[in-house]
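*Asks:* Heads up: the protein sequence lines correspond to chains A and B, in order.
Everything in the first sequence is counted per numbering that gives the first Met the number 0, starting at 0 for the first residue and increasing by one.
Everything in the second sequence is counted per numbering that gives the first Met the number 0, starting at 0 for the first residue and increasing by one.
A portion of the hints provided could be inaccurate.
Copies of the same chain look alike in the list, so a pair counts if it works inside one copy or between any two.
Distance condition first, Cα-Cα at most 20 angstroms in a straight line; then the derived SDA-like pairs of lysine to any residue [unchecked claim]:
1. 149 to 251
2. 82 to 360
3. 141 to 14
4. 284 to 224
5. 82 to 165
6. 149 to 265
7. 69 to 318
8. 149 to 343
9. 149 to 266
10. 149 to 263
11. 141 to 156
12. 284 to 107
13. 82 to 163
14. 147 to 376
15. 284 to 223
16. 82 to 216
17. 69 to 332
18. 147 to 308
19. 149 to 268
20. 141 to 162
21. 69 to 82
Think of the hints as simulated: they come from the structure by calculation, not from any bench.
Being a predicted model, the structure only gives us computed values, none of them experimental.
There are 2 protein chains.
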Amino acid sequence: MARINGARLMSDLRELAGIGAFQTGVDRVAFSEPDIAARRWLVEKLRHAGLDAAMDRVGNVLGRDPAAAKTVLIGSHTDTVPKGGWLDGALGVGYALEIARSALEANERHAVGIDVISFQDEEGTFMPFLGSRSFFADVDDKEIAVAKSKDGAALTAALQTVASAPPPHRFDGQRQVCYLEAHIEQGPRMEAAGQRIGVVSALVGIRRYRILSHGAANHAGTTPMAMRRDAGSALIELAAAINGEFRRLADPDTVWNIGNMIFRPGAANVVPSACEMLLEFRDIKAEVLDRFEERFMALAAIANRGGVGIEVESTARIPPTAMADNLSAAIAASAVAHGETPVHLPSGAGHDAMVVARFMPAAMMFIPSIGGISHNVAENTSDADIVFGCDVLADAVAQVRREVV
Amino acid sequence: MARINGARLMSDLRELAGIGAFQTGVDRVAFSEPDIAARRWLVEKLRHAGLDAAMDRVGNVLGRDPAAAKTVLIGSHTDTVPKGGWLDGALGVGYALEIARSALEANERHAVGIDVISFQDEEGTFMPFLGSRSFFADVDDKEIAVAKSKDGAALTAALQTVASAPPPHRFDGQRQVCYLEAHIEQGPRMEAAGQRIGVVSALVGIRRYRILSHGAANHAGTTPMAMRRDAGSALIELAAAINGEFRRLADPDTVWNIGNMIFRPGAANVVPSACEMLLEFRDIKAEVLDRFEERFMALAAIANRGGVGIEVESTARIPPTAMADNLSAAIAASAVAHGETPVHLPSGAGHDAMVVARFMPAAMMFIPSIGGISHNVAENTSDADIVFGCDVLADAVAQVRREVV
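The following block holds chain A by itself, in its conformation from the complex:
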């Protein structure tokens, strides 16, 4: 079995958490001072471990195994959401650092080495997956020119702060043969079930809609029920029908959400003249998404038949991302070898692996998150689970290195 140093891993993760520390979490949004400091910290750690490492002018940190012509790429991201948790992204980078370092220390002969990466702005402060998209030359200058944060700060201005760094690191298809990323689950399932290793079956596809209804504002005391065009109740009844039908149509892991409704004018004694609703659903199978969409559109068409007009606007359409079977099998086999039965589960959230998988085989491993808390300073995982996860991933990487050629 591969030997990693659990104490060193924990020490590194805690050191990294100290850069941009905020309460019990970290605030290290992309291109902020602590974000760049964390990336420079990682470069130093990688160099110290014996890798050729640098931060490029996008903020991506790549550490290359100096002795290898082919490598397994491991990593995640070190940027966070505002007031985020200490493990999101950082965990996967810490694992990659420790696994690459241990492998170099072991000094075994291998045809396939390990490269380490920390992608920039996975969290989308300026542009979601900027770093992984840049790595695959999948962003054009026009997109970068117009990208802005929620606060209106321009990505171009942020990029100026690292303009003196080397040109962007790019994916080398002759060198990096596959990608592995570890992450906390960001959901409650594994902890609730007492599971320590999750093999991500796929990253879910997402479809998101804004639904608008148009009726007429009337006095709610003097307008008989039969003479109303109630834009509020039209969407209330559509929403209830969606919940009922989706329950019937769902696969075990399908999720959906009615995240918002806004009523206008919104007074107790006025029949709502207009209403807006946000709906999304996620699943790992395109056919489930198709089934949901078809049923939803049919329900909206029925709702549109009364005196209230219904409009449906599609606001996001992200296809599911499959993971590479042989890589997932390596993670599962490693878990079993460590005495743990792995759970196969979808990732309901997006990750850099979603971008990477379009260009090379990729897989993801989850460890549990206490209470399923994520994107919050209360996010945490026990030290034992963190170290155990690194052990499992290290052996999975070792197996992949042996099998590739």
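Fit chain B to the given chain A structure using the hints.
*Replies:* Only chain B this time, still in chain A's reference frame:
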């Protein structure tokens, strides 16, 4: 038959509409300059007609028949909502002026005369029904001391502007024997059915509630459906159940409204942690309101059984107000004498008659409103319907004066 002067009535109503004119309507909120100007205009008109008239220091205008010991009180209010219509309130005051004036001109011998009133602030700019409540000595100084407009203006400051006027007019139970008020319908029923005279069967009772749900905000991609505490869908399903059950339980004239829902945090990808909903229902029968409330509470209790907590807060509870049968019969008989079959219908909105009826017999007559528009500059009724309504009310008043002893 009593003779009223339709041309003079229309001329007076148009003159009154010129005071505070706004587009095709009027903006004459209580205690504004145009409101007080309209009240002074009315005092002059009443005096010119031969009544003893004055505005008191609340803003109420009372015109007293100088020759009578007993009177029928007729009137409504001349204040409006902001950017309101030209007939709401003004119509009933115009009718009262014309009917009292015509009666004095006819110079017939009657034991029972006519008093005319325009109540202050029916629309509740500072305090709903301030004028009618003051007339019956039903407001205490503490209420007045704290009353404020939506803009934060104090009622006490508004009252200062008329502080030099005489002490409040008060109801004299030996003199005013009953009350009649005419109003536009403020709803679409009469116009849609081609009906010209409505006899108000009762003013509806109103029950109003704020419903709060408390769940947990979770990532809508990573939290399985079974592990959610979705405060939004809990109220969506309660609201849909309310609509379904209320349809089944409603009398023909019962109305209800879900006027607002607010979701928190209100993002597409976050399971709603909290939701708020406004519900009201109205009917002329207390037993219908009781039936609705009982069913609503049962549905809320069912919704409360899941992981989401439901709280119900009662925010308004106004009992139905019955009208005096003999007065309503006089209006109906007058309509029939004029060749019109009257329609009996509830008033879904509040009126000064609601306050008055607690202290003396009262009745209300409706005329149609084009398109049911109310509290809007587009509010209108044909001249023919306005004059016809005054003719009908004049004869109803004549009959009541004959029948009273």
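*Asks:* Run through the hints listed earlier and report the numbers of any the structure violates, in increasing order.
*Replies:* Of the numbered hints, 1, 2, 3, 5, 7, 8, 12, 13, 14, 17, 18 and 21 do not hold.
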